[in-house]
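Can you build the whole structure from these sequences, using the hints too?
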Amino acid sequence: DSGVTQTPKHLITATGQRVTLRCSPRSGDLSVYWYQQSLDQGLQFLIQYYNGEERAKGNILERFSAQQFPDLHSELNLSSLELGDSALYFCASSDLGSSDTQYFGPGTRLTVL
Amino acid sequence: GENVEQHPSTLSVQEGDSAVIKCTYSDSASNYFPWYKQELGKRPQLIIDIRSNVGEKKDQRIAVTLNKTAKHFSLHITETQPEDSAVYFCAASKGGGSNYKLTFGKGTLLTVNP
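So the protein lines, in turn, are chains L and R. Numbering follows the working numbering, in which position 74 of the first sequence is assigned residue number 74; successive positions increment by one, without gaps. Numbering follows the working numbering, in which position 3 of the second sequence is assigned residue number 3; successive positions increment by one, without gaps.
These aren't lab readings, by the way, just hints derived from the structure by calculation. Quick caveat, the model's predicted, so the values are computed rather than measured. Careful, some of the hints might be misleading.
[What the hints assert, rightly or not] Listed below are the simulated DSS-like cross-link pairs for lysine-lysine, each with C-alpha atoms no more than 30 Å apart in a straight line:
1) K9/L - K42/R
2) K71/R - K9/L
3) K57/L - K71/R
4) K22/R - K106/R
5) K22/R - K57/L
6) K57/R - K22/R
7) K68/R - K22/R
8) K57/L - K106/R
Set out below in structure tokens:
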């Protein structure tokens, strides 16, 4: 158990819908990262937040957005869902004050039908 | 941006043999290189990492080597066991400025045959 939690574990929805994925980092970690894992694209970085502020953006679609709240949990919002958005979404956290090591949560499996 | 190439994509060994997975990276500013093990449907788990000021690091049966000049790093697993079977990912990060995003290789499916 990495100490990073994600909900829900599984999500099945239809095209065009909107979903929210939630992540709670390890206690004390200020930085949260979101990654998407699909069979064809592998593990891809989406976005990073540090202490409530966006710090880096990767290959994140405009239909996707994220935020980090004062209690440091983060949410990834996916809208106008397409079949190709079906993937595993992982959240990771790190304590940049002492280490850049990232610990991954269990992931949310999103299926778009 | 950074690009990480990983080889081989699949690797099959007999129990007790050694396994080696190799990665190359493109950005010479990268300075942190972790390796993750992922079992089917599970989260990536950090197994070992190395920073650019170190050439080699070992943890029991696992070792990682880094060649900064050639921009490649390798994972070595000795005395493999069936429970080592999983997908292994290498990654690279530049660090600095609170930006430590990881760029991953495509993964290596390791199968250890009893």
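Hints violated by the structure (listed by number, smallest first)
2
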